[in-house]
Amino acid sequence: AQKITQTQPGMFVQEKEAVTLDCTYDTSDQSYGLFWYKQPSSGEMIFLIYQGSYDEQNATEGRYSLNFQKARKSANLVISASQLGDSAMYFCAMRVYSSASKIIFGSGTRLSIRP
Amino acid sequence: DGGITQSPKYLFRKEGQNVTLSCEQNLNHDAMYWYRQDPGQGLRLIYYSQIVNDFQKGDIAEGYSVSREKKESFPLTVTSAQKHPTAFYLCASSIQGQAYEQYFGPGTRLTVT
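Same order as they appear, the protein sequences are chains S and V. Quick note on numbering: our numbering labels position 114 of the first sequence as 132, and the sequence is numbered without any gaps. Quick note on numbering: our numbering labels position 31 of the second sequence as 944, and the sequence is numbered without any gaps.
Since no wrong hints were added, every one of them can be taken at face value.
Mimicking BS3-like on lysine-lysine, the simulated pairs with C-alpha atoms at most 30 Å apart in a straight line are: (1) Lys970/V with Lys91/S; (2) Lys996/V with Lys120/S; (3) Lys88/S with Lys120/S; (4) Lys984/V with Lys120/S; (5) Lys922/V with Lys983/V; (6) Lys922/V with Lys996/V; (7) Lys970/V with Lys996/V; (8) Lys970/V with Lys120/S; (9) Lys983/V with Lys120/S; (10) Lys34/S with Lys91/S; (11) Lys922/V with Lys120/S; (12) Lys996/V with Lys927/V; (13) Lys996/V with Lys983/V; (14) Lys88/S with Lys21/S; (15) Lys120/S with Lys21/S; (16) Lys970/V with Lys983/V; (17) Lys970/V with Lys984/V; (18) Lys922/V with Lys970/V; (19) Lys970/V with Lys927/V; (20) Lys21/S with Lys970/V; (21) Lys922/V with Lys984/V; (22) Lys21/S with Lys91/S; (23) Lys120/S with Lys91/S; (24) Lys996/V with Lys21/S.
Keep in mind that the hints were calculated from the coordinates and are not lab data.
Using the sequences provided together with the hints, build the complete structure.
Structural data, given as structure tokens:
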């Protein structure tokens, strides 16, 4: 069975510090994609970053990077130089080749940035 | 501008009443999805559709129904059998394939009165 686990329900970080949000996944498929989404208090889901299972390099998008450790089945999101606007819920998600239409989401981490 | 629209933004439903949530996309995506998000929780898949006139149950389909008569539209009906309290409903669409992210609508907040 496929599963995404986010073990940090909430985190507080000082502005301008880097923060790592944890995500572990479980699948027996060899081919899959991993995603991170941000959900501000307004409710919309914003796509942040994608990592494919065969990608050798860690994905990066501006201040976001994905620390992909395939052997450990982890896909942690790193936000560098955090800003007040980064305060939101963050969801890790996975899509596998054998069920390419379904995306499975984790339970989320609420990130709060302190000024 | 391409995107996904959901209406209404807020909806009130009395117990025993059926209500329909609208979802429209102009991204030319084949796949569309409905999720429910309970307060402070993650997203749970209700139904998804890979192609017109075809849809599959997700993890929490009981008490819900959908149709996919047009590529652009994927309405969700919350039936009287659905006893779940207030929740946030999100519609999404995507290109088929593992590498493609989902695009989400702004959501509908459904309150049971």
